[in-house]
Amino acid sequence: MTIKTLVSSLLAGLVLLATSARADDIPVAVAANFTAPFNKIAAEFEKETGHKVIASFGSTGKFYAQIRNGAPFEVLLAADDETPAKLVRDNAAVAGSPFSYAIGKLVLWSAKPAVVDARGEVLRRGGFDHIAVADPRLAPYGAAGVEAMKKLGVYDSLAPKIVTGETIAQAYQFVSSGNSLLGFVALSQVLKDGQVAGSAWIVPADLYTPIRQDAVLLNAGKDKAGPAALLKYLQGAKAQAVIKSYGYELSK
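If you want my numbering, it's the 1-based position in the sequence shown plus 565.
Rather than coming from a laboratory, the hints here were simulated on the basis of the structure.
Cβ-Cβ distance ranges computed for the label pairs, FRET-style:
id : residue 1 : residue 2 : range
1  : A802      : A660      : 24 to 30 Å
2  : G691      : R633      : 39 to 45 Å
3  : R684      : D721      : 18 to 24 Å
4  : K809      : D771      : 20 to 26 Å
5  : N634      : K612      : 30 to 36 Å
6  : A660      : G691      : 45 to 51 Å
7  : G763      : A660      : 40 to 46 Å
8  : A679      : R654      : 46 to 52 Å
9  : G661      : K817      : 18 to 24 Å
10 : A630      : T774      : 19 to 25 Å
11 : A588      : G743      : 42 to 48 Å
12 : F664      : H695      : 33 to 39 Å
Keeping only pairs whose Cα atoms sit at most 30 Å apart, straight-line, the calculated BS3-like set for lysine-lysine is:
id : residue 1 : residue 2
13 : K797      : K651
14 : K817      : K651
15 : K617      : K757
16 : K787      : K617
17 : K817      : K716
18 : K627      : K787
19 : K803      : K612
20 : K757      : K612
We put the CB at the ideal spot given by N, CA and C, even for glycine.
Given these sequences and hints, build the entire structure.
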């Protein structure tokens, strides 16, 4: 080994040690609908930065309660824009840090082909025993599903058939397992390589309040390099390409 090679190896080692010394473990609370894209984004982020992401997936409403009760999350990726704003007002998150990382799309979905038609007429036609919806008190996509049914004038007739999942992930599970023939879920959950397995109707945006999904820096992550780096990475081109590939729109 030449002196030049040895010096280069030593410098590379020192850089690696310095990066490891600065690397953070980042506890992140992530809305369940964003599970698949976030796993991809987090893996690339870890490779590029050396920081370690410790992700928990669940309902935005439950995360809000946990954070207010002292859960040590440093970043929240919510399924709405109201919860991050509330956390700022509650002095549990950093003012000025919320931003929209994605705009979600609601879909009426069945794991079986030819069940859901291209205009959602199955909601009026019936022929099913159960329709799955995430808890509208905790999950913004559940609230959007209920809002859409009410605007369509079918909520009262369908209410006895509604099965409620604690999260959008559980609502998806009800449908994918066949326990419910159809249900309202996030487009990102059923989109694989640009195609939807089964049958689906992308609910028109005018039938529900826009699902603006905001990220926020929580107090536990304030003044730490890792959380700030993750939030910056989410706004970069690589992360945004992943987000778009799962059917989300980007905030303009």
